[in-house]
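Participant: Since each chain sits alone in its own frame, please combine them into the complex, following the hints.
Listed here are the chains, written in short residue letters.
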Amino acid sequence: MNTYWPVILSGTLVVYAIAIRRLQIAVQPLRIELAEKGERLLSSNDLSKDAKDHVRFLLDSAFGLRRVLLACLFLMPIFAIFYLIYHKNFLDIDRSLQIKDPESKICFDRVSALHERITLANHPFLFTCFRTVGSIVMLIFTLLFILFWGSFQWISRGDIMVFIEKKLHHRRLA
Amino acid sequence: MPYLAIESSDGLHIKGGAGTEFSASQETVASFERMWNSTLEWAHSNPSLFVVSLVFLLIVLSIIVKGWTDSTKLKHEYEDARKNARTQIPLPFNDKDDRA
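As you go down the protein sequences, you meet chains H and F in turn.
By this note's numbering, the letter at position 104 of the first sequence is numbered 265, and the numbering carries on one by one without gaps.
By this note's numbering, the letter at position 55 of the second sequence is numbered 335, and the numbering carries on one by one without gaps.
In isolation and in its complexed conformation, chain F is listed as follows (with noise of 0.2 Å):
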């Protein structure tokens, strides 16, 4: 997808190909330069608690579209359910007369 990146003396100015605009100030740009470098440096450092920590972001990752999966099977379990409690009342469960 074809951008366009300017860094002046306000910020940074990303302009994407579909009329997309995205601005951020100096300090933000530099506050994110700066936690991406001591990311970068944390992981040179800590090769083993980087990869174990990717790990466990990939699980939460799998979990989550594992749930989605799931939550869309419960919904429709669930429905069903409604439909089926729908169907078996015939009458009023209320009405005394007719229950008699």
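Okay, chain H solo, but in the shape it has when bound (with noise of 0.2 Å):
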């Protein structure tokens, strides 16, 4: 087995380079619909500053989320905890991306849905801790926010991305 493991590593190699190069012009419809319905979305009158800052994140990053994946991946459990202590900052998060005309909304998540699969396909084993680790984190702070609050408040990974996009896009402004 010795023997082969140089073989067996350059072979996975070659396999792991082809995946993700097909994988990357695979994605390429679901990015020209990203940038259509985002730019309409970013066009209309509906969606709130915040929001509109969103949307345009998500358009700028539709080709690489690498630091702010990271970013939350090590800084969830950080930022639950502040979430535990300050959780109306991020209700107001929360409210300050919704969007009330249901075309608008529709429009809003299908671009989200859209970012989340592109940036799936551009960091798969990435995207995926940050999947795992995110739904772990994520229930064992529901579960503490239920022990100290007594109210159930269910903070998506999701949340936090947009709160570390918006302190990271605060940082690039200043």
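Every clue listed holds true.
The following residues of chain F were derived to be distant from chain H, with all beta-carbon distances above 12 Å:
1) E287
2) S289
3) K295
To be clear about the criterion: a stretch of chain H counts as covered by chain F if any three or more of its residues have a C-beta under 8 Å from a C-beta of chain F, and this derived list gives those stretches:
4) 172–180
5) 190–203
6) 215–226
Because the hints were derived from the structure by calculation, they are not lab data.
Nothing here was measured: the structure is a model prediction, and the numbers come from that model.
Glycine is no exception: its CB is placed at the ideal position from the N, C-alpha and C atoms.
Facilitator: Next up, the structure:
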């Protein structure tokens, strides 16, 4: 077995490289749809400034989100503790992204779903780690939230991502 | 590019021409030498497998280079789609009065 490991390793690398390349090409129609729907949403009057910033961020990160995903992965427990103490900040984020017009809401949800699929294609392993770790951390902290505050508030991975993205965006502007 | 390599009791020190320096401890140098020697030994005893591995690595390298050029093309296509989408929206689509 030891004799063959360099061949197995290099062969695995070939398969992985081909798979990633095909994935990048296969996901391109979704990116085009994201571009069309996202730009359409940006021209809408129904979206708040925060929601438009979020759509702009989704459009700008169609080819990579490594920094935000890594930040989310390592900072998620810290933000979950932050959420336990200052949960109103997160509820404000959730409120700022709410859209009243049903047509725009459907379009916004579709853009978010498209971006999630594109991110999965861009970073298959990192995004899977993010989803798994995120779900576990959020489940633990939702249970802790019930113990501390006695009310059920489900905080999603997306909320944490939006929060970190907003922090990074504000830092970029500063 | 000129460089100066000094091997002393506390390890290996390499000084580059542009003022760059690299130092490695004796243990690091020894483990690197062991790894290199065992790779050479493996290549000598299995020449056909070595060639196959080398070919695989070259394929990976070519896929990376091709992927990089493809990615640039895909990015341009995406930016064009964004620009087109922007220009094809004369009025806010949710403005019901204007749409009617």
